[in-house]
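So the sequence lines, in the order shown, correspond to chains A and B. Following the working numbering from start to finish, the first sequence increments by one per residue and tops out at 339. Following the working numbering from start to finish, the second sequence increments by one per residue and tops out at 390.
Calculated directly from the structure, the hints in this document are not laboratory data. Careful, some of the hints might be misleading.
As the list claims (entries may be wrong) - Derived lysine-lysine pairs resembling DSS-like cross-links, with alpha carbons at most 30 Å apart:
#1 B:Lys59 <-> A:Lys138
#2 B:Lys153 <-> B:Lys245
#3 B:Lys198 <-> A:Lys168
#4 A:Lys133 <-> B:Lys153
#5 B:Lys80 <-> A:Lys138
#6 B:Lys153 <-> A:Lys184
#7 B:Lys250 <-> A:Lys141
#8 A:Lys168 <-> B:Lys80
Computed from a predicted structure; not experimentally measured.
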Amino acid sequence: MKLLNKVVPTLVASVCLSASIGMAGTLDDVKAKGFIQVGVNGDLFGFGKPDEKGVWKGLDVDTARAVSAAVFGDADKIKYTPLTAKTRFTALQSGEIDLLSRNATQTLSRDTDLGLNFAHVNYYDGQGFLISKDLGIKSAKELDGATVCVLPGTTTEQNVADYFRVQKMTMKPVVIESTAELSKAFFAGRCDVMTSDASQLAGIRAVAPNPQGYTILPEIISKEPLAPAVRHGDDQWFDIVNYSVMAMIEAEELGITSANVDEMKASADPKIQRFLGVSPGNGKALGLSEEWAYNIIKLVGNYGEVFERNVGVNTPLMIERGLNALWTNGGLMYTPPFK
Amino acid sequence: MDTASSEKIPFLRDPEKRALLYQIFTVLGVALLSYYLISNTLANLERQSISTGFGFLHKEAAFEIGESVLDYSAADSYGKALLVGFINTLIVSFIGIVLTVILGTIIGIARLSSNWLVSKLSASYIELFQDIPVLLQLFFWYAFFYEILPAPKQALNPVTGVFLSNRGLVFGVPEYHPAYLAALTALIVAIIAGIILKKWAHRRQDTTGKSLPTGKIITAMVIGLPLLAWLLGGAPTAMNTPVLKGFNFKGGVTVTPEFTALLLGLVLYTAAFVAEIVRAGIQSVSKGQQEAAVSIGLKPGQVLNLVILPQALRVIVPPLTSQMLNLTKNSSLAVAIGYPDFVSVAGTTINQTGQAIEGVGLIMIVYLIFSLSTSAFMNWYNKKIKLVER
Chain A
1 MKLLNKVVPT LVASVCLSAS IGMAGTLDDV KAKGFIQVGV NGDLFGFGKP DEKGVWKGLD
61 VDTARAVSAA VFGDADKIKY TPLTAKTRFT ALQSGEIDLL SRNATQTLSR DTDLGLNFAH
121 VNYYDGQGFL ISKDLGIKSA KELDGATVCV LPGTTTEQNV ADYFRVQKMT MKPVVIESTA
181 ELSKAFFAGR CDVMTSDASQ LAGIRAVAPN PQGYTILPEI ISKEPLAPAV RHGDDQWFDI
241 VNYSVMAMIE AEELGITSAN VDEMKASADP KIQRFLGVSP GNGKALGLSE EWAYNIIKLV
301 GNYGEVFERN VGVNTPLMIE RGLNALWTNG GLMYTPPFK
Chain B
1 MDTASSEKIP FLRDPEKRAL LYQIFTVLGV ALLSYYLISN TLANLERQSI STGFGFLHKE
61 AAFEIGESVL DYSAADSYGK ALLVGFINTL IVSFIGIVLT VILGTIIGIA RLSSNWLVSK
121 LSASYIELFQ DIPVLLQLFF WYAFFYEILP APKQALNPVT GVFLSNRGLV FGVPEYHPAY
181 LAALTALIVA IIAGIILKKW AHRRQDTTGK SLPTGKIITA MVIGLPLLAW LLGGAPTAMN
241 TPVLKGFNFK GGVTVTPEFT ALLLGLVLYT AAFVAEIVRA GIQSVSKGQQ EAAVSIGLKP
301 GQVLNLVILP QALRVIVPPL TSQMLNLTKN SSLAVAIGYP DFVSVAGTTI NQTGQAIEGV
361 GLIMIVYLIF SLSTSAFMNW YNKKIKLVER
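All chains should be built: construct the whole structure from the sequences, respecting the hints.
In structure tokens:
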């Protein structure tokens with residue numbers, strides 16, 4: 001079954017590639033078919049996973065909904081394709097999906113070799129270690145000789161191997177493709193430590209038999225800027241996705257929320273007027289309606305709302321804003337002027 | 001008259017030429033289709049700036065692999081990492097096939113036993129293991145190992161130097177010494193001598209009618225010669241014993257839960273099918289053959305070895321080959337339970353390099369090599385055991 005997961009998209013890729021995808025015009029394609037096909041995680045709480053009613057929830061899902069709101073004025077004109085870490089890029093390259101919003105780390109080789117373009121980062125993450133408190137380990141530097149549970153198909157395998165080499169330590173990886181299977185093996189004690197992006201570890205810990213028994217070590221061993229991605233070669237579509245993410249951040253900075261966006265339309269601040277399309281220009285430049293940013297905030301919310309709703313301290317993930325706070329609050333979230 | 005034969009047959013009415021024409025068209029069609037697919041794929045990859053080719057095989061892999069018989073580290077190339085995966089698949093398939101054939105034969109014969117309990121037990125084994133999807137069985141065995149067995153610090157220690165924990169079975173092995181090399185050479189010599197002896201005894205029996213207890217002689221040689229070599233080499237006894245150090249055992253040899261679960265799952269599953277094949281093969285030999293063999297005074301073992309099995313094997317071997325191929329291909333389910341087989345390593349390689357088409361191509365080639373060489377061997381064996389018509 002897992003093999004099929006890998007082989008099928010590749011075959012689809014080779015067939016679809018030969019069936020020739022239009023280089024430009026994703027926006028026109030999307031408008032013509034009436035929905036955006038979005039690749040998501042499908043199994044990652046807080047980022048992309050359907051809730052018990054089957055409604056898709058998560059930070060990555062809300063990012064895609066923002067794009068839908070910008071394009072259609074309706075946040076839910078989306079069809080979701082759950083993808084594994086291995087199939088995600090192929091699905092995008094082959095044209096099976098229009099947008100990949102699946103906690104993917106931006107790297108140089110993905111940007112170039114794989115023919116992708118990454119939009120603005122929607123979550124600054126980093127790889128860490130989850131470990132049982134019973135072992136009494138306080139630092140990742142004490143992990144020499146450990147057996148490490150690793151989720152494959154990400155940069156995690158490489159990062160952890162690099163880290164252990166630099167520290168002159170040895171490790172034994174146990175690589176299992178499904179998060180659920182791997183977590184079970186980890187909680188049963190098959191591995192001493194589990195490594196993945198810290199956000200994922202928070203999610204995995206939340207479903208542990210005893211979440212209090214586990215801790216995330218202080219060392220963060222990699223930079224993982226997670227960003228939505230589109231195919232190379234369609235600049236208009238790239239701009240739309242890019243500015244949809246940034247609009248949420250800009251709105252938080254301007255103090256616009258889904259609750260007050262209608263009042264804000266009457267604001268005298270020219271920055272807010274431009275942003276919400278009261279003074280037109282931005283929409284036309286992107287090839288969208290002037291209401292695009294208004295729709296994003298009204299239907300999805302600003303970045304702060306989206307963060308707190310999906311992964312914030314009041315969710316089971318209990319993640320602090322940290323690097324994901326606005327630059328004005330000491331974080332990295334910063335956008336160019338919307339004019 | 002030869003007017004009919006000398007008259008030129010129109011080209012399209014000549015069945016031979018027509019057949020040739022069809023074949024040429026088919027080959028042309030296939031060639032054109034592949035050319036279209038390949039050139040189009042390449043053109044599209046090019047246009048999307050996705051690089052192609054196998055250059056990545058020389059790049060540093062930079063990821064660790066859980067188990068390897070080769071000396072592998074993250075600093076080695078993707079090519080070597082894939083080789084490690086290839087060998088891991090080879091090991092699990094080879095051991096799996098050997099165990100499957102042994103277990104399947106035993107159960108198949110037990111299924112025909114006149115003992116009610118034995119035959120019913122084998123029947124339930126076959127029904128149970130045949131009817132549960134192999135992936136579920138793998139999950140079951142894997143979970144069984146990591147849930148039931150204790151952590152390394154509380155490892156079970158049934159015999160000195162042997163530890164059983166959720167990290168696997170760890171046991172001591174003899175420290176390297178030249179005497180072991182001599183013993184290994186002696187073992188190979190004993191096996192070759194055994195084969196020659198067996199052939200000679202066979203010929204002697206054909207000409208003189210005297211039989212020789214080759215089984216006992218060969219057993220004595222296979223055990224005796226290496227033992228002698230080891231004694232002459234100074235009888236070294238130093239052991240490389242595992243010691244619990246930090247998180248895990250250092251030293252000795254580890255059989256991981258992933259490997260054991262995969263092997264167990266594949267063997268138990270495939271053996272159920274093999275048992276049915278063996279049973280069908282034995283039942284295909286008519287009862288008269290056995291009765292005739294007994295009536296000329298052959299012992300029960302000889303009846304089985306000289307009369308029943310040679311005839312049953314003709315029926316058994318072709319479907320058995322297909323089960324062997326199934327086992328090899330099912331070993332790719334290893335990714336689900338973390339055994340680093342070829343598919344697992346290739347999957348990591350694909351993800352890190354993005355060379356999906358090359359990676360999947362490699363996977364296909366590797367399984368094709370495994371399957372073709374298994375069939376080639378089994379076809380050779382099948383030809384060898386074919387009934388010689390006199």
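Consistency of the hints with the structure:
1. B:Lys59 <-> A:Lys138: violated, 35 Å
2. B:Lys153 <-> B:Lys245: holds, 9 Å
3. B:Lys198 <-> A:Lys168: violated, 55 Å
4. A:Lys133 <-> B:Lys153: Within the cut-off at roughly 16 Å; holds.
5. B:Lys80 <-> A:Lys138: Outside the cut-off at roughly 35 Å; violated.
6. B:Lys153 <-> A:Lys184: Judged against 30 Å, a Cα distance of about 20 Å means the pair holds.
7. B:Lys250 <-> A:Lys141: At roughly 19 Å apart (the allowed maximum being 30 Å), A:Lys141 and B:Lys250 satisfy the hint.
8. A:Lys168 <-> B:Lys80: Between A:Lys168 and B:Lys80 the Cα gap is close to 21 Å, so the pair holds against 30 Å.
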